[in-house]
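Chemist: Chains as they are written, first to last, in the working numbering: chain A, 2 to 54; chain B, 755 to 986.
Bear in mind the hints are in silico, worked out from the structure with no lab data behind them.
Since the model is a prediction, treat every value here as computed from it, not as a measurement.
Treat the hints loosely; a few may be bogus.
[As the list claims (entries may be wrong)] Capping the alpha-carbon separation at 30 Å, the derived lysine-lysine pairs in DSS-like fashion look like this:
#1 A:Lys-38 x B:Lys-983
#2 A:Lys-39 x B:Lys-758
#3 B:Lys-946 x A:Lys-38
#4 A:Lys-39 x B:Lys-972
#5 B:Lys-824 x B:Lys-758
[Unchecked claim] Which residues of chain B face chain A? A few of them, derived with a C-beta cut under 8 Å, are:
#6 Met-790
#7 Gln-792
#8 Val-793
#9 Val-796
#10 Phe-799
#11 Val-801
#12 Met-850
#13 Ile-853
#14 Trp-865
#15 Leu-968
#16 Lys-972
#17 Ala-974
#18 Val-977
[Unchecked claim] Taking CB as the label site, the calculated pair distances span:
#19 A:Ser-32 x B:Val-927: 27 to 33 Å
#20 A:Leu-27 x B:Asp-943: 31 to 37 Å
#21 A:Val-28 x B:Lys-972: 20 to 26 Å
Glycine is no exception: its CB is placed at the ideal position from the N, C-alpha and C atoms.
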Amino acid sequence: MLFQQATPDTAGYMIAGYAVLFGVLLVYLTSFFVRFKKLRQDLDILEEFDVGD
Amino acid sequence: MQSKPRFLTILDSVTAILFVIAVAMVFFYAPLERTMGQVQKVFYFHVATAWVGMLGFLVAAVVGILYLLKNDCKYDIAGIAAIEISLVFFFIAIIMGSIWARPVWNTWWTWDPRLTTATIVELIYAAYMMLRQGIEDPDRRARFGAVYSILGFLSVPLTFISIRLLRTIHPVVVGDSDPGAEGSFSMTDPMKATFFFSLFTFSVLFVDLFWHRLRMGKLAVVVEELRMKVSA
Chain A
2 MLFQQATPDT AGYMIAGYAV LFGVLLVYLT SFFVRFKKLR QDLDILEEFD VGD
Chain B
755 MQSKPRFLTI LDSVTAILFV IAVAMVFFYA PLERTMGQVQ KVFYFHVATA WVGMLGFLVA
815 AVVGILYLLK NDCKYDIAGI AAIEISLVFF FIAIIMGSIW ARPVWNTWWT WDPRLTTATI
875 VELIYAAYMM LRQGIEDPDR RARFGAVYSI LGFLSVPLTF ISIRLLRTIH PVVVGDSDPG
935 AEGSFSMTDP MKATFFFSLF TFSVLFVDLF WHRLRMGKLA VVVEELRMKV SA
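If we strip away everything but chain A, and leave its shape as in the complex, we get (with noise of 0.2 Å):
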């Protein structure tokens, strides 16, 4: 016990780690949900030309 090391602080290398995780994955789901939004929006007015001619 007189020569057991302490256990270190690490926690703002785990915050990091979860920062990053966290970050990546909203960017990720943003930018997915932008695309499926803009290519809906496309189609509507797609059909819409479609439709006219």
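Here the structure of chain A is known, so what remains is to put chain B in place on it, guided by the hints.
Modeler: Structure of chain B alone, referenced to chain A:
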């Protein structure tokens, strides 16, 4: 475009619940590792994200083979969906690993066999996304994508076995580590439960995202066909 399937809505909810439980297990159930401290908790999602990355690259290789056999564009849609998701998760795994390495290896990065092969995998599939954009003909693009995803997948098992065959400081989670590996630890039962639950959760997350991405891919094909019809 078909409305969202009911089962997909249920899968979204199940995935969200599993994800919350996995996060809670990492922070409140898994014990603190004594020599590394809190940063060891990065390990659970680092391995899970790397697993999802490799899983998606495998799916892309399989659907690549199916595309070459059946020449059906749905396999091309599945291939790009799997690679896009895997690219994101593999990127997260590499960055999380680098953050874990700083206090444990005393460096952000080292050209160790595992880190080097993982980077090569990420770059191979990043190049896939860029090269695809340069091919206008849909059939040629799909054929290129299929062949590339099959050949590109050769780098994935190489990454997986690199820490088992070569001298490395990267620890092995399942099996024996190299004697020179730094950051190895024996998992207690709560750690094992958290680890396998995280792997399961991220596998479900992959299926959920893959399904959504497939729907988007199909929608993109419908839009493209309609655009060509209207402009003709």
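Chemist: Are any of the numbered hints broken by this structure? If so, which, sorted upward?
Modeler: The structure conflicts with hints 3, 11, 14, 15 and 16, although it agrees with all the remaining ones.
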